[in-house]
Amino acid sequence: MSHETTKTWAFPGGLHLDDHKSISNTHHVTRAELPRQLVLPLSQHIGNAAIACVAVGDPVLKGQRIAKGDGYVSAPVHAPTSGTVTAIDEQPVPHPSGLHAPCITIRVDGKEEWIEHSGCEDYRTLDASELRNKIREAGIVGLGGAGFPSYIKLNPGTSAVETLVLNGAECEPYITCDDMLMRERAGEIIQGMRIMQHALQARHCLIGIEDNKIEAFAALREALAENDDIQLVRIPTRYPAGGEKQLIYTLTGKQVPSHGLPLDIGVVCHNVGTAAAIYRAIVHGEPLLSRIITLTGSGIPQPRNLDVLFGTAMCELLEQVHAKAGDIGKLIMGGPMMGFEITDSHAPVIKTSNCLLAEHRRDLVQPPAAMPCIRCGDCATVCPALLLPQQLFWYAQAREFDRVQDYHLFDCIECGCCSYVCPSHIPLVQYYRFAKTEIWQQERDKQKSDAARQRHEFRLERLEREKQEKKQRHARKAEALKPAGADKGDIKNDPKKAAIMAALERAQQKKQQSHIQPKNVDHLTEAQQREIDEVNARRAAAHKQDQEPSS
Amino acid sequence: MTTSSPHLSTPNSVSRLMLHVGYALIPGIATYAWLFGAGVLVHILLASVTAMTAEALVLMLRRRPMASTLADGSAILSAVLLALAIPPLAPWWITVLGAGFAILFGKQLYGGIGYNPFNPAMLGYAMLLISFPLEMTRWPAAHSLLTQAPSLSDSVSLIFASGVSMDAISAATPLDTLKTQLALGVGIDATRTGAETGKLFGQIAGVGWEAINIAFLLGGLYLLLTRRIAWQIPLAMLGSLALLATLFHLLDPQQYASPLLHLFGGAAMLGAFFIATDPVSACTTPRGRILFGIGIGVITYAIRNWGGYPDGIAFAVLLMNMTAPTIDYFTQPRVFGGGKP
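In the order they appear, the protein sequences are chains R and P. Just so you know, we're using the numbering used here here: the first sequence kicks off at 1 and counts up by one. Just so you know, we're using the numbering used here here: the second sequence kicks off at 1 and counts up by one.
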């Protein structure tokens with residue numbers, strides 16, 4: 001059976017970019033020097049940040065878990081080498097925001113002392129769930145740049161996986177880390193793919209490689225045993241061929257649903273680097289501790305690929321390739337199309353760092369000023385998602401977020417093709433990111449206010465309910481005091497009313513008794529009676545005078 | 001300063017785009033000047049100076065950066081396109097008025113480049129045609145039809161000295177003649193072979209006019225091949241115009257002119273490649289552009305045959321400009337992964 005197929009499908013849009021790959025892929029991958037300290041961000045993946053499970057002062061061994069995953073979409077972090085935890089605090093991290101984030105700092109002891117670990121010689125003896133747990137515990141995330149926890153993508157649930165795709169396209173200009181990995185560790189990639197295939201029970205296996213990577217293709221072909229069912233596919237070099245949806249379409253002719261996952265069409269896609277990491281995790285029991293990173297660009301005198309421990313400061317790596325800090329005008333993590341600028345070169349290399357692109361100061365050009373959009377439509381021609389970037393821009397600029405979504409903002413993969421071709425030099429992707437962030441924020445605000453309103457409504461409801469209950473309780477009590485079969489008019493049959501009546505009568509009697517003359521005026525003589533009458537008459541006259549003082 | 005990705009961009013720019021459109025106009029302009037006199041060059045100059053002055057004035061009032069906007073070339077391009085639509089010996093103030101109106105009312109009043117819903121040049125032209133029908137319909141005959149062609153200085157004095165008679169060199173255009181003769185009940189064949197009217201008609205669509213149209217077609221093809229304009233609008237416009245013309249011509253050749261006359265007469269090629277393709281006021285979706293082009297072709301044909309004007313490109317373009325936002329909304333492409341329509 002042939003390892004090659006020629007049938008590919010051309011995804012819409014896209015660009016032919018000068019690749020600049022040859023400047024960094026002529027040297028073998030070398031191990032970066034062991035740094036004096038490592039700074040490990042707790043968030044090196046998509047999802048919740050890991051939770052530190054070591055304390056300052058703790059000694060750690062190479063491969064020891066130092067932070068555990070928080071929830072389903074998360075990944076643990078391991079000590080890339082042995083040493084001592086010296087700090088758990090906020091440090092500069094590689095993130096577009098440029099903000100600091102929680103990190104564990106390890107002072108390296110240089111002994112490279114491993115924690116006890118063991119691999120599994122035959123992965124076939126493990127079932128899918130055991131494999132996933134091992135991969136999860138090894139902290140493996142997608143190494144293509146997105147950093148999605150890999151074990152989740154190996155859990156198809158009830159869906160049947162028709163095709164497992166390995167992404168070896170590496171379509172961004174300058175980046176060659178996957179290229180070098182395929183050239184030098186083809187065997188590990190193939191074995192990693194077999195492990196994934198076993199876990200997924202995938203029927204077909206495809207590896208897509210852009211046709212500018214001839215040596216990588218040859219290496220993989222060599223690593224594939226005879227009569228293997230893994231197919232290597234040469235795909236045309238066209239950015240963004242390595243976009244997951246674009247690659248799947250190129251290889252299978254199937255489109256991932258707009259708001260869906262590859263799994264919806266029976267496809268799972270992993271990066272070649274992830275496959276190699278899975279091989280090491282399963283067969284050697286090694287967690288993810290390092291990766292290959294491309295150091296390239298005009299600011300680097302010796303561009304090459306290094307195998308780097310996570311947590312190594314970028315500035316130290318740059319020194320190792322003899323880059324002068326003062327010469328670097330701009331440092332980008334990732335490729336020139338989708339990468340982001342690093343503002344602090346002390347930030348460490350993390351699991352998603354595939355490339356450090358350092359531009360020399362002299363090559364730094366002021367980006368041309370943005371001019372108004374003339375609706376030329378060049379952006380729509382190159383859009384691989386078949387969007388209308390000019391309309392998205394128009395409505396994003398006007399903050400008409402409903403309209404932006406009418407034009408399918410969330411199908412934008414931020415590949416940057418539209419910005420690249422725009423003759424008005426409008427930073428289109430920046431507008432889409434802004435619109436997305438605003439919409440997410442509005443969504444969060446809405447959820448918050450919804451929750452608040454709900455709480456308020458619940459409270460009103462509760463108060464009303466309590467009022468009703470009180471009323472009912474009183475009514476029930478009143479009912480309970482009535483003898484059975486009693487009706488309102490019949491006093492004799494109602495003990496309560498009878499009691500009230502009796503009490504009233506008693507009060508009446510008392511009142512009547514109070515009209516009785518005092519005892520000391522009983523049985524008076526006539527003279528005494530007259531005297532009293534006179535006093536009373538005087539009193540009455542005086543009282544009358546008091547009331548009419550003016551007369 | 002932190003910038004967002006991508007960190008690469010093409011050296012392409014709006015001014016470069018406009019510059020290439022300008023290059024593509026050269027064969028047409030040269031042919032025009034060769035066959036109808038240098039008056040057209042005078043008008044191009046006049047219109048350009050007026051447009052730049054008007055644009056600079058507004059930018060100054062709006063306190064907008066002047067250099068970059070003036071340098072984008074869009075005002076000059078509008079001016080050139082308008083000048084090409086004005087009779088080459090029309091008085092100078094016609095062009096000044098038209099170009100000023102186009103920039104002020106057609107463009108800057110809406111917010112400048114990118115924001116105008118109508119094609120500024122065609123808006124200026126429509127205003128002139130409605131306001132000054134006499135000046136706007138006095139076309140000179142092609143030089144080959146004249147006993148003595150006006151020199152450059154003749155043209156300049158005709159343009160700037162109002163009141164000088166240009167009757168000796170003016171003639172109705174072929175499209176105009178056809179319309180008048182049809183109204184008088186003269187069939188097309190008789191018009192094309194008539195002693196007076198016949199000499200206006202060349203091999204295809206009128207002496208001079210066919211050559212100009214071919215020259216604009218060449219320029220248009222250059223823009224198409226270098227992908228500076230989208231193919232949908234010119235193809236749909238010319239296609240629908242040709243289709244309708246063929247259909248009616250087959251039904252009644254005496255009443256309806258041949259498709260060749262429609263395609264190579266009047267402003268057909270200039271309109272198809274340079275005017276209808278103005279990106280700002282045209283549709284931008286692929287399907288929308290086809291509808292937009294078809295609309296212009298159909299309306300042009302309707303105005304030419306049954307309307308009040310001999311040519312109808314300007315009104316057709318303006319009418320379709322109005323529909324562009326709606327067409328765009330309803331012709332959005334199906335997103336990648338959006339399922340079968």
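Since the hints were derived computationally from the structure, they do not count as laboratory data. Remember, it's a predicted structure, so these values are computed and weren't measured experimentally. Be a bit skeptical, because a hint or two may be false.
[Claimed, not checked] Partial list, computed: chain R residues near chain P (C-beta under 8 Å):
#1 R183
#2 K245
#3 M337
#4 F401
#5 Q405
#6 I426
From the three backbone atoms N, C-alpha and C, an ideal C-beta is built for every residue, glycine too.
Tested hints:
no.: 1; hint: R183; result: violated, 26 Å
no.: 2; hint: K245; result: holds, 6 Å
no.: 3; hint: M337; result: holds, 4 Å
no.: 4; hint: F401; result: violated, 17 Å
no.: 5; hint: Q405; result: violated, 12 Å
no.: 6; hint: I426; result: violated, 10 Å
In this structure, the hints that do not hold are numbers 1, 4, 5, 6, in rising order.
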